[in-house]
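Engineer: What follows is each chain in one-letter form.
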Amino acid sequence: MIQPRSLFEKVWDSHSVRTLSNGQTQLLIGTHLIHEVTSPQAFGMLRDLDLKVKFPNRTFATVDHIVPTTAHVEPFSDPLAQEMINALRDNCKEFDVKFFDIGSGTQGVVHVVGPEQGITQPGTTIACGDSHTATHGAFGAIAFGIGTTQIRDVLATQTMAMTKLKVRRINVDGELPPGVYAKDVALHIIKLLGAKGGIGYAYEYGGSLFDNFSMEERMTVCNMSIEGGARCGYVNPDQTTYEYLKGRPYSPEGEAWDTAVAEWDAIASDEGCEYGDVVKIDAADIAPSVTWGISPDHGIFVTENIPDPAAAKDEDTRISIEEALEYMKLPAGAPIAGTKVDVCFIGSCTNGRLSDFREAAKFLKGHTVASTVKAIAVPGSEIVNHLCEQEGIAQVFRDAGFEWREAGCSMCLAMNPDKLEGEQLCASSSNRNFKGRQGSPTGRTVLMSPVMVAAAAVTGVVSDAREVFGMAEKAA
Amino acid sequence: MAALAKITSVSGKGVHVPGSDIDTDRIIPARFMKCVTFDDLGQYLFYDVRFDGNDEKRDHPLNDPKFSEASILISGVNFGCGSSREHAPQAIYRYGFRGLIAQSYAEIFFGNCATLGIPCAVATAEGIETLSAAVAADPTTEITIDVEACEVRFGDQKIPVTIVDTARDAFLSAQWDPIGELVDGTPEIDATASKLSYMAG
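Residue numbers (the numbering used here), protein chains in the order written: chain A, 1 to 476; chain B, 1 to 201.
Hints in this document: simulated from the structure, not taken from any laboratory. Treat each hint with caution, since some may be false.
To be verified - Part of the chain B face toward chain A, derived, beta carbon under 7 Å:
1) 36
2) 37
3) 86
4) 122
5) 179
6) 188
Backbone N, C-alpha and C fix where the C-beta goes; we use that ideal spot for every residue, glycine too.
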């Protein structure tokens with residue numbers, strides 16, 4: 001009898017090339033995604049070693065981190081940014097790699113482009129020089145963020161040296177209350193398990209909540225696996241996955257589609273497979289969440305108070321709360337709701353997809369951004385941008401007083417001109433609230449769902465979107 | 001592809017950068033990551049502690065002409081903590097350092113250094129003190145990190161050091177960069193790829 005295996009084990013086994021002399025596995029990486037920040041040095045190393053890209057047809061590039069979002073017009077005002085896009089263009093040309101360039105109608109944040117092109121598929125291994133590569137796990141792919149020398153390894157050999165991970169199954173059952181979104185699920189899981197809780201693990205997300213989630217909701221949760229310390233996170237593929245992929249540019253067609261679906265069905269975790277750990281969460285317990293500190297596990301429900309170091313459970317926690325509150329300039333023990341917001345940002349590989357803007361626009365319609373707030377909406381790709389224009393979503397944002405921008409990573413990590421200034425506080429739909437993350441060494445980030453960012457934009461303070469938009473009543 | 005050289009020892013003059021928990025942001029500030037090669041990173045090594053807001057030199061061992069020829073970096077506990085950015089060991093290498101001696105290293109930083117062929121030797125607090133005193137007394141002191149013998153020699157003195165086994169074996173067997181071994185697996189790579197339908201498309 002064959003031992004039941006998890007999806008992770010099946011994909012690992014089918015992609016294991018051999019065991020290396022140091023005991024690590026040489027793992028085949030079926031799909032390699034590259035962008036302008038971490039790839040140029042890897043191409044340089046490739047040239048130094050006189051190597052070629054082994055599978056150019058399995059390598060896909062786009063430009064996202066450094067592109068200005070006010071207008072995709074070259075030359076960029078930042079010559080270094082221009083040099084980076086030029087280098088990527090040249091490298092793609094020289095090594096015959098497909099490049100989803102600005103103005104092509106297909107450029108975007110690498111973790112938005114892969115899925116929307118149908119490049120991201122179940123049962124595959126994916127690597128990218130970006131820690132949010134875990135996003136692609138939403139399709140039942142095993143997707144890792146890697147360093148620059150590993151990018152060289154994957155370019156040259158389509159493989160890398162890797163140590164096998166354990167698998168933690170995270171079951172979330174039930175339904176989310178009104179006003180609670182996939183982002184709240186991600187923040188809740190990170191709060192429960194900690195920012196280092198996932199080290200050594202791949203996270204397998206499941207349960208009835210994930211069964212009923214759309215692909216975009218699954219992507220939001222998988223995206224933030226790394227904030228919980230997990231190198232990758234995934235959801236087993238199902239009918240929702242196949243419906244999303246059918247007809248996309250790189251999806252299989254005709255007979256190949258039927259063969260692929262049969263393979264994808266077989267790749268899902270077997271019933272009775274063993275997990276390194278199992279966690280159970282009730283969806284009904286989750287409320288709209290926000291961060292109060294400088295680590296993604298510094299999360300609370302918007303109805304709760306900022307932690308008080310005096311009430312910390314141990315000395316290490318007390319020191320960490322004090323450091324976070326000193327940086328965030330927030331009062332211990334006070335309600336987080338009502339905290340003044342200077343900037344509102346909706347976008348990023350976590351929450352920059354069509355459904356994110358559609359949901360926020362549904363509630364934003366008829367409201368106006370507070371005069372004290374600068375609000376920007378940055379679509380995750382040129383395709384998302386186009387669809388938002390077509391559906392009138394972009395106009396709802398503009399009418400409300402948001403700046404509607406071009407596609408890019410933007411203020412998630414501020415490698416382009418979109419930066420916080422001084423001690424500005426940003427209500428952000430992105431994924432990291434580290435010190436200085438959004439471009440100002442003293443800038444402050446409060447992570448939340450796109451609808452919660454919209455609510456903060458309207459009121460000018462951290463707010464419970466359910467109250468601002470009267471959501472509970474609507475649902476009742 | 002040229003075979004890697006075995007790294008049995010590295011030698012050179014030393015400089016002591018004291019302190020604990022010297023993180024990767026201090027080693028290379030994030031703004032210098034906007035670049036297409038690692039080539040120029042050397043000049044930005046420790047930039048924000050070497051230079052003030054007006055790019056004027058601050059008091060720092062790397063700004064001291066006495067240590068301008070140093071190629072062995074000596075430091076304290078948990079060196080290289082913080083992010084996984086490869087820009088940090090790259091900046092160290094490109095500044096001219098070929099070996100590190102410290103009390104301990106952050107794990108990812110250590111791995112990145114090993115892949116670049118930079119031996120990171122671990123010495124005791126007393127060992128670091130003896131070594132840094134010798135370097136301070138005579139900056140021209142020639143230091144040897146003997147990877148094979150697990151010791152650091154300088155003048156007529158020597159201190160015992162440890163080097164993580166997997167890294168030490170990799171240096172001594174010329175396997176410190178995995179690329180050679182990965183490329184050697186080409187027949188197996190092709191065989192594995194041929195069994196995956198999506199790799200053909």
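Engineer: If a hint holds in the structure, say so; if it does not, say that too.
Structural biologist: Okay, the hints, checked on the actual structure:
Look at residue 36 of chain B: its Cβ gets to within about 4 Å of chain A, closer than 7 Å, so that hint holds up. Look at residue 37 of chain B: its Cβ gets to within about 5 Å of chain A, closer than 7 Å, so that hint holds up. With 7 Å as the threshold, the beta carbon of residue 86 of chain B comes within range of chain A, its nearest partner Cβ sitting at about 5 Å, so the hint holds. Of the supplied interface hints, the one on residue 122 of chain B is violated, with its beta-carbon coming no nearer than about 19 Å to a beta-carbon of chain A, more than 7 Å.
The beta carbon of residue 179 of chain B comes within 6 Å of a beta carbon in chain A, closer than 7 Å, and the hint placing it at the interface holds. Nearest Cβ of chain A to the Cβ of residue 188 of chain B: about 5 Å, under the 7 Å cut. The hint holds.
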